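Q: Single-letter residue listing:
Number of protein chains: 6
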Amino acid sequence: MADAPGNRRYIIDLLPSERIAGVYAVSNAQLGRTRNDKPYLRCIVGDRSGEVTARMWTVDESLLASLPPDGFAYVEGETQKYQGDLQLIIQHIEPADPTPEQMRDLLPVAPRPIEEMFAELQAVLATLEHPAIKALAQVYLADKFLMDQFKQCPAAKSAHHAYLGGLLDHTLGLVKLAAAVAPLYPGLNRDLVVMGLFLHDLGKTRELVYDRAFGYADRGELIGHIVDGAIMLHDKSQQVMRETGQRLPANAVMVLQHIILSHHGLPEHGAARVPMTPEAILVHQLDNIDAKMYMSLAAARGPKSKKDLGGNFTERLWALDTKLFKPDPLA
Amino acid sequence: MADAPGNRRYIIDLLPSERIAGVYAVSNAQLGRTRNDKPYLRCIVGDRSGEVTARMWTVDESLLASLPPDGFAYVEGETQKYQGDLQLIIQHIEPADPTPEQMRDLLPVAPRPIEEMFAELQAVLATLEHPAIKALAQVYLADKFLMDQFKQCPAAKSAHHAYLGGLLDHTLGLVKLAAAVAPLYPGLNRDLVVMGLFLHDLGKTRELVYDRAFGYADRGELIGHIVDGAIMLHDKSQQVMRETGQRLPANAVMVLQHIILSHHGLPEHGAARVPMTPEAILVHQLDNIDAKMYMSLAAARGPKSKKDLGGNFTERLWALDTKLFKPDPLA
Amino acid sequence: MADAPGNRRYIIDLLPSERIAGVYAVSNAQLGRTRNDKPYLRCIVGDRSGEVTARMWTVDESLLASLPPDGFAYVEGETQKYQGDLQLIIQHIEPADPTPEQMRDLLPVAPRPIEEMFAELQAVLATLEHPAIKALAQVYLADKFLMDQFKQCPAAKSAHHAYLGGLLDHTLGLVKLAAAVAPLYPGLNRDLVVMGLFLHDLGKTRELVYDRAFGYADRGELIGHIVDGAIMLHDKSQQVMRETGQRLPANAVMVLQHIILSHHGLPEHGAARVPMTPEAILVHQLDNIDAKMYMSLAAARGPKSKKDLGGNFTERLWALDTKLFKPDPLA
Amino acid sequence: MADAPGNRRYIIDLLPSERIAGVYAVSNAQLGRTRNDKPYLRCIVGDRSGEVTARMWTVDESLLASLPPDGFAYVEGETQKYQGDLQLIIQHIEPADPTPEQMRDLLPVAPRPIEEMFAELQAVLATLEHPAIKALAQVYLADKFLMDQFKQCPAAKSAHHAYLGGLLDHTLGLVKLAAAVAPLYPGLNRDLVVMGLFLHDLGKTRELVYDRAFGYADRGELIGHIVDGAIMLHDKSQQVMRETGQRLPANAVMVLQHIILSHHGLPEHGAARVPMTPEAILVHQLDNIDAKMYMSLAAARGPKSKKDLGGNFTERLWALDTKLFKPDPLA
Amino acid sequence: MADAPGNRRYIIDLLPSERIAGVYAVSNAQLGRTRNDKPYLRCIVGDRSGEVTARMWTVDESLLASLPPDGFAYVEGETQKYQGDLQLIIQHIEPADPTPEQMRDLLPVAPRPIEEMFAELQAVLATLEHPAIKALAQVYLADKFLMDQFKQCPAAKSAHHAYLGGLLDHTLGLVKLAAAVAPLYPGLNRDLVVMGLFLHDLGKTRELVYDRAFGYADRGELIGHIVDGAIMLHDKSQQVMRETGQRLPANAVMVLQHIILSHHGLPEHGAARVPMTPEAILVHQLDNIDAKMYMSLAAARGPKSKKDLGGNFTERLWALDTKLFKPDPLA
Amino acid sequence: MADAPGNRRYIIDLLPSERIAGVYAVSNAQLGRTRNDKPYLRCIVGDRSGEVTARMWTVDESLLASLPPDGFAYVEGETQKYQGDLQLIIQHIEPADPTPEQMRDLLPVAPRPIEEMFAELQAVLATLEHPAIKALAQVYLADKFLMDQFKQCPAAKSAHHAYLGGLLDHTLGLVKLAAAVAPLYPGLNRDLVVMGLFLHDLGKTRELVYDRAFGYADRGELIGHIVDGAIMLHDKSQQVMRETGQRLPANAVMVLQHIILSHHGLPEHGAARVPMTPEAILVHQLDNIDAKMYMSLAAARGPKSKKDLGGNFTERLWALDTKLFKPDPLA
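So the protein lines, in turn, are chains A, B, C, D, E and F. Residue 20 is where the first sequence starts when you use the numbering used here, and the numbers rise one by one after that. Residue 20 is where the second sequence starts when you use the numbering used here, and the numbers rise one by one after that. Residue 20 is where the third sequence starts when you use the numbering used here, and the numbers rise one by one after that. Residue 20 is where the fourth sequence starts when you use the numbering used here, and the numbers rise one by one after that. Residue 20 is where the fifth sequence starts when you use the numbering used here, and the numbers rise one by one after that. Residue 20 is where the sixth sequence starts when you use the numbering used here, and the numbers rise one by one after that.
These are calculated hints, taken from the structure and not from any lab test. Computed from a predicted structure; not experimentally measured. Hints are supplied without guarantee of correctness; some may be wrong.
Which copy is meant is left open, so a pair is good if it fits within one copy or across any two.
Said to hold, decoys possible - Below, computed lysine to aspartate or glutamate pairings styled on EDC-like, alpha-carbon distance capped at 16 angstroms:
#1 LYS57 <-> ASP32
#2 LYS345 <-> ASP237
#3 LYS342 <-> ASP237
#4 LYS170 <-> GLU135
#5 LYS195 <-> GLU139
Please build the complete structure, drawing on both the sequences and the hints.
A: Now the structure itself:
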């Protein structure tokens with residue numbers, strides 16, 4: 020196969036009339052039908068560098084049935100220009116099961132090594148003071164299946180930290196932010212803030228799919244990571260008692276569930292509850308600040324995007340509801 | 020004691036300068052302090068017929084410590100007029116544990132016998148067709164502790180069906196409404212609608228307190244009946260598999276949880292999700308229609324309330340965001 | 020002419036390079052002008068199966084003047100592919116007056132025979148109990164011109180029941196829904212609900228045009244069916260007294276007008292008044308439930324549309340403000 | 020009787036322990052019941068200068084039945100101080116029918132003579148240019164019953180021009196404003212603006228009651244002046260054709276009805292339609308400007324009210340959603 | 020050069036395959052890159068009559084560096100049809116500095132001579148009565164640099180009065196409107212209204228760029244004309260005292276700044292303050308009325324636009340949030 | 020006088036029938052009039068511990084004229100109980116000018132010494148790196164008059180840090196928060212954040228009055244601290260150039276003004292601009308986080324307030340739009 024490590028041709032680099040052969044992520048695979056009623060395949064072919072729309076004009080339906088709508092496939096074809104954009108004409112396609120090595124070429128990954136980030140997070144969790152909360156953290160950390168998902172999962176489909184390991188990266192950033200901010204507010208319970216931040220987005224492991232092009236699982240649409248995070252804590256807290264005999268303080272689980280349920284702040288932003296404790300308010304605020312700083316710095320000070328209009332302002336950013344002024348007048 | 024059945028003096032009937040002695044519901048018990056720094060007790064004394072504010076001018080703090088802020092007590096005292104309203108001057112108060120018989124005098128109860136309504140509900144649930152859904156209903160019905168709560172719990176603190184047995188009454192009404200409406204819409208899954216309505220408000224058993232003056236439990240404020248209903252179903256569905264070996268259809272639990280999470284319709288009305296299936300939409304609409312008809316008929320056509328201004332319109336009803344025109348021009 | 024019954028070629032079935040000749044609905048007929056300043060005709064050519072954009076490159080202005088912007092015409096031409104879509108190049112066009120038989124091929128019609136539905140509706144109206152309300156219904160039913168419009172009119176331009184006879188179909192469905200629901204709420208006046216539902220959308224006969232491609236009449240935009248329905252009732256109630264000598268009960272006309280004015284529920288949804296009687300609230304709720312069930316069942320459980328993406332969710336539905344999960348997990 | 024012209028004692032001037040005897044406006048007459056179950060009468064007694072709450076401790080029910088809840092009565096009694104405010108203890112009360120002369124003492128009236136304002140308005144209407152619009156204006160002006168109501172009716176219950184003749188005063192002010200503004204906008208149809216302003220609030224004659232304490236009629240609540248104004252025009256335009264044989268231009272009635280229906284601007288402010296013609300937009304804007312200038316000048320520059328706090332700002336004005344800075348720095 | 024006065028070829032008149040040569044406004048000049056990685060220039064070429072998109076396929080980067088993103092250039096090229104629209108293929112382009120005469124061909128200008136309008140405005144300002152306000156007006160009028168900008172600046176980028184001299188035209192119109200309206204409201208300070216209107220939009224001279232294609236200056240985006248107008252008045256009022264020794268009345272500057280800050284009415288429409296004086300309310304209302312009449316008359320009664328669909332309604336106008344009915348039924 | 024340091028009787032400690040004599044803050048001084056038309060004085064008498072309503076029944080108007088509506092006065096009188104609350108009957112009152120020492124007893128002050136906080140703030144400003152920004156900070160710090168106001172001014176009338184020195188305290192807290200958070204976001208300009216936070220609320224020195232009972236100055240209502248902060252920077256930046264010859268980088272003043280104008284985040288929260296740079300976004304977020312943590316910790320974990328209902332929840336907090344759960348389950 021053509022995509023041996025080292026000489027893989029990334030989609031972002033493709034020119035017109037170029038041949039490709041290799042394993043790619045395939046999404047939105049659908050049967051189209053020409054006016055002459057001939058079936059054809061259309062889909063999106065992508066790797067960690069980007070995506071290109073693709074068409075396969077001669078398909079037999081049994082092959083089609085073997086392709087998942089979203090997944091991975093070995094693809095051979097040739098690029099061409101169409102209405103100003105590049106598209107890919109597929110000559111051959113078959114389902115494929117990428118090796119972990121290939122996987123790293125197919126989906127975007129975190130800028131830092133995942134195990135390094137995870138170790139850093141564990142170090143912060145080791146500073147939890149209350150023994151029962153510490154035990155609860157241990158029960159989560161000992162759940163190898165869940166932690167593997169936690170290390171892989173992106174933090175969002177596209178808005179911010181949208182890469183493998185993004186959930187861990189975002190969680191770690193928040194925990195460090197909390198470490199900086201919490202000491203300024205006496206009266207605040209640091210354990211609840213740190214534990215709340217560790218758990219606040221864990222339900223994303225059930226909300227998102229990330230073993231192929233990032234998207235929402237059906238359960239993500241119908242239940243959502245907020246309620247699923249609360250259900251996971253319901254299970255884990257029973258496990259703590261069952262396994263360690265340790266009794267979580269009265270109200271502790273409820274208050275942590277409340278932090279999870281309220282971390283989006285407002286019902287119209289997805290919160291099942293508005294934050295009603297100082298710790299819940301802080302978790303929401305820090306989550307908000309981190310997302311906004313990530314998005315604004317990326318847009319205004321990050322690498323110049325292709326959409327850059329060349330003036331002093333970015334385009335309107337949907338999530339910030341404004342455009343941004345890019346120049347740093349002191350730089 | 021003075022409140023032997025048959026000759027109990029209800030609060031609504033009290034005149035000024037009347038002595039009372041008996042078991043009452045006591046709520047909001049608080050220590051006040053006169054300007055001379057003398058402590059006194061203020062609280063609300065109630066029974067199923069209404070409430071009266073009360074003061075006890077000579078208290079010793081040990082007695083006070085023995086009283087719960089909300090609960091039941093044996094009370095002796097005398098009514099007097101104060102600023103146009105009646106108030107009760109307490110001479111003696113001590114915690115009390117009402118008998119079930121006394122309880123019926125202390126909190127408002129459903130107009131129909133509870134077991135009769137419950138039997139009617141069981142009869143509808145017996146018409147469920149899908150065997151696994153039927154098994155799930157059985158697991159709920161077999162949970163005696165939960166069903167006892169379900170039979171006692173009011174449907175709301177005050178808005179509608181605010182009486183012991185109100186949750187059951189409201190649920191039964193909805194299930195009957197569904198039975199009338201569902202046949203008009205082919206394509207709808209009747210089992211999901213009926214089961215969804217049975218479960219939609221079950222979390223209220225954890226949201227409300229109703230073993231004394233109705234109110235919200237701490238968990239009701241911080242988690243709410245919507246999320247707790249979904250957590251209960253999470254547990255019950257595992258119990259079905261564990262106990263009956265019966266496997267619920269893929270997605271069935273998720274879709275029922277979605278109905279529970281979305282039955283308030285909009286996030287700003289408390290829904291954790293907007294309804295995304297025809298069954299979830301119908302459950303929300305029927306719940307809405309039943310609450311609105313209950314409130315509007317009670318206000319416009321019900322027994323004349325004390326607040327009635329005597330004109331053709333009621334006062335503004337908060338939950339309907341309007342006043343109502345009372346006359347039925349054809350009556 | 021080519022479109023003799025039996026061998027008409029429907030637009031949905033057209034292939035490229037196919038010749039057509041027959042009577043079609045023509046809408047949005049406009050004069051375009053090429054860069055060389057040559058006039059050309061563009062319009063939309065449709066029948067009950069769908070629409071296709073059309074161009075006629077050689078036009079003389081006198082012909083153009085004879086064509087209505089929206090109406091019917093005998094059209095000859097040939098299809099061709101243009102930017103992936105089919106378009107029609109017209110060679111000959113002239114105004115035409117379709118026969119009733121042709122009409123049925125040109126506009127979508129109700130799935131059930133109109134007279135059958137009308138008879139069913141009359142049967143329900145025959146169960147009205149109050150003699151004056153019954154007399155009022157008779158005055159409406161005896162207005163042949165209005166009833167003919169009522170039988171033809173769609174219930175909406177596009178959202179739901181958008182076919183000839185749709186208004187009747189929707190009204191009948193609501194009246195049957197009321198018959199199922201009303202008995203569950205003692206205190207409700209069934210006559211007002213049934214009569215209110217019969218009248219609630221009658222103003223649509225003035226709001227919409229449906230003797231050609233469905234759309235809004237100028238009066239529909241500037242006055243609307245809600246106010247026009249109230250004006251119609253103003254006239255009809257005077258007619259009752261004039262013709263039958265029967266006096267409508269004081270307030271009865273006012274309350275029925277109020278039902279018409281408030282049946283959209285909220286001012287921002289077009290209501291001139293919020294519902295202020297139990298009957299007005301129920302009419303609004305039933306209208307709402309029926310529209311939502313129609314739309315959600317059609318989208319999630321109806322025949323697979325061309326836009327179907329093949330996954331478990333529909334596209335976002337504007338009128339429901341959400342996408343829908345399609346699978347019935349128990350089916 | 021004591022209230023012969025010249026020596027009437029106005030309510031605003033009453034001191035404690037003063038006896039009164041005379042005809043007054045009585046509103047909100049209701050039966051109260053003391054704790055000893057003795058009935059008493061409470062009501063509000065008013066004249067054009069203000070209101071005072073009143074009690075009559077000894078009533079027999081037959082007398083009560085003879086009193087309307089809102090109306091006029093001959094009252095004898097004595098004032099007393101109660102909780103810092105004055106109240107009136109009634110010794111004798113009986114229904115009364117005030118003479119027109121007495122009426123002027125009982126309800127607030129316009130600052131200018133009504134017939135003088137009406138003549139001014141007729142003069143402007145005489146400048147209408149289009150003969151059919153002129154004929155339409157004549158049909159309205161010739162309706163003596165309606166014009167008598169128009170001359171008496173206040174423009175609002177309390178917000179602005181809340182006095183007998185207020186509707187005429189407000190309408191005249193608007194028509195003069197239009198005369199000043201319209202010439203600045205060529206292309207605008209002055210006849211439609213002037214006629215639209217004449218008609219825009221005429222439905223208030225059915226919305227409000229003003230033959231006793233100002234309030235809303237039932238029809239005002241359930242239908243409203245906006246829709247009733249459109250219905251009145253529906254009738255009047257038919258009368259024009261019937262009586263004068265003159266045919267109103269196609270669309271003219273529709274466009275005038277649209278002006279009436281849309282003059283509140285937004286649905287959430289009561290408009291049945293948003294303004295869709297330049298003339299409708301101007302009518303709405305002028306109505307808005309006149310109400311806002313009336314309210315702001317009265318509050319900031321008018322006679323000092325009793326509620327005046329003595330600082331530079333007024334209290335928050337509900338209708339303007341702000342408080343106002345009172346000083347004119349150049350004065 | 021080809022664009023000698025008299026024989027300039029305006030963009031609106033261009034046909035396909037036509038050669039042009041002359042000075043044009045160039046905006047949005049950007050470097051594109053073909054798939055073969057060859058750089059090309061894309062920009063918009065415009066004059067007072069309209070705009071056309073342009074491409075230059077062979078560019079060297081030093082030339083590009085010499086072009087401003089928005090400005091003026093001498094352009095040679097040829098038109099061609101592309102996807103139904105005209106585009107311009109540039110063969111030669113170089114920066115150019117248009118003469119004032121050429122400028123008048125490049126940007127849209129007011130329909131009336133600027134000096135004539137300015138004289139009219141000065142005449143109104145001469146009627147100011149308070150000597151200090153008059154002195155303040157003189158200080159503004161004597162600022163030649165600012166007045167030159169005021170005479171050139173458009174009133175908006177595109178919504179209304181979007182032409183050179185538009186700000187003056189709009190300001191003059193408002194001042195005349197005030198002169199018509201103010202006498203109807205005794206108690207109003209005419210000087211504050213007239214001066215407030217003169218100053219309300221002066222900050223636009225810093226908000227907008229109009230020495231090339233109209234747009235927002237960076238300062239316009241980040242600070243805005245509302246705050247900049249208040250800062251200008253801060254400076255000018257100090258200048259009055261410095262230069263004339265005349266002391267502005269206590270509060271006069273504050274109240275005029277308040278008028279500037281509040282003239283958009285609501286925070287969500289850009290107001291830094293809601294209007295809190297009768298004069299501020301009137302300034303806001305008149306500004307609103309003038310913009311709405313300008314836009315609605317232009318759309319409904321103005322010259323037929325190319326987008327005109329030929330029916331009785333315009334397209335939806337974003338700024339009015341509605342479409343408009345065009346026919347004047349009395350015309 | 021009785022209020023020698025050490026034996027001052029604070030208002031919070033007063034009992035009924037207690038005599039006082041001393042200098043107090045007096046606010047809302049107004050002339051009341053009894054029904055017998057006798058004038059009396061009502062006002063609020065306060066010190067740093069609290070407030071009490073007061074009446075003086077015998078006043079001569081000349082004395083009254085000498086009292087400011089808000090200010091300080093020497094007061095003699097006696098407390099009494101009135102409707103359950105304490106009120107003060109004044110026997111003697113005269114304007115007074117408190118010594119600085121007395122002042123500290125009359126208004127609430129910061130918990131830490133002001134000069135200590137100011138030194139800490141200066142230390143942070145000394146870490147500014149860009150020389151021109153440093154020079155700008157020096158110009159502010161060298162403005163002794165402004166800095167004295169800055170050290171005295173509260174941060175708000177009542178919501179948070181409502182004490183003398185509160186503005187400094189709040190500003191210092193934010194600057195420290197920034198020091199903790201900024202290093203986590205590379206790409207952010209720390210100087211702009213620190214300088215922006217120093218300046219963001221400086222306009223409060225003109226918005227609030229705090230030399231007597233805290234309140235809004237007229238200028239605070241009509242202009243506000245946000246615009247005044249931008250005007251102050253306009254002046255100061257010119258002073259930098261004038262006095263130091265140092266030129267601020269192009270755009271630096273504009274960007275700092277933008278931070279001031281946008282620090283409330285949304286127009287409906289008072290922002291004149293939404294934040295459009297990463298630094299402006301961070302300033303807004305930190306200001307928000309600090310206010311919310313201050314308020315939530317004070318309410319949920321602070322000293323028990325008199326309004327405390329004794330349950331687990333606080334009352335609804337207007338500024339947080341929720342009530343708070345008080346217990347820390349781990350404490």
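Q: Are the hints correct? Go through all of them and say.
A: The hints, checked one at a time:
1. LYS57 <-> ASP32: The answer is between: 14 angstroms across copies meets 16 angstroms, while 32 angstroms in one copy does not.
2. LYS345 <-> ASP237: between (38 angstroms within a copy, 11 angstroms between copies)
3. LYS342 <-> ASP237: Cα proximity of LYS342 and ASP237: across copies only (12 angstroms, versus 33 angstroms in one copy).
4. LYS170 <-> GLU135: For LYS170 and GLU135, only the intra-copy Cα distance (11 angstroms) is at most 16 angstroms; the inter-copy one is 47 angstroms.
5. LYS195 <-> GLU139: Answer is within; shortest intra-copy Cα gap is 10 angstroms, inter-copy 25 angstroms.
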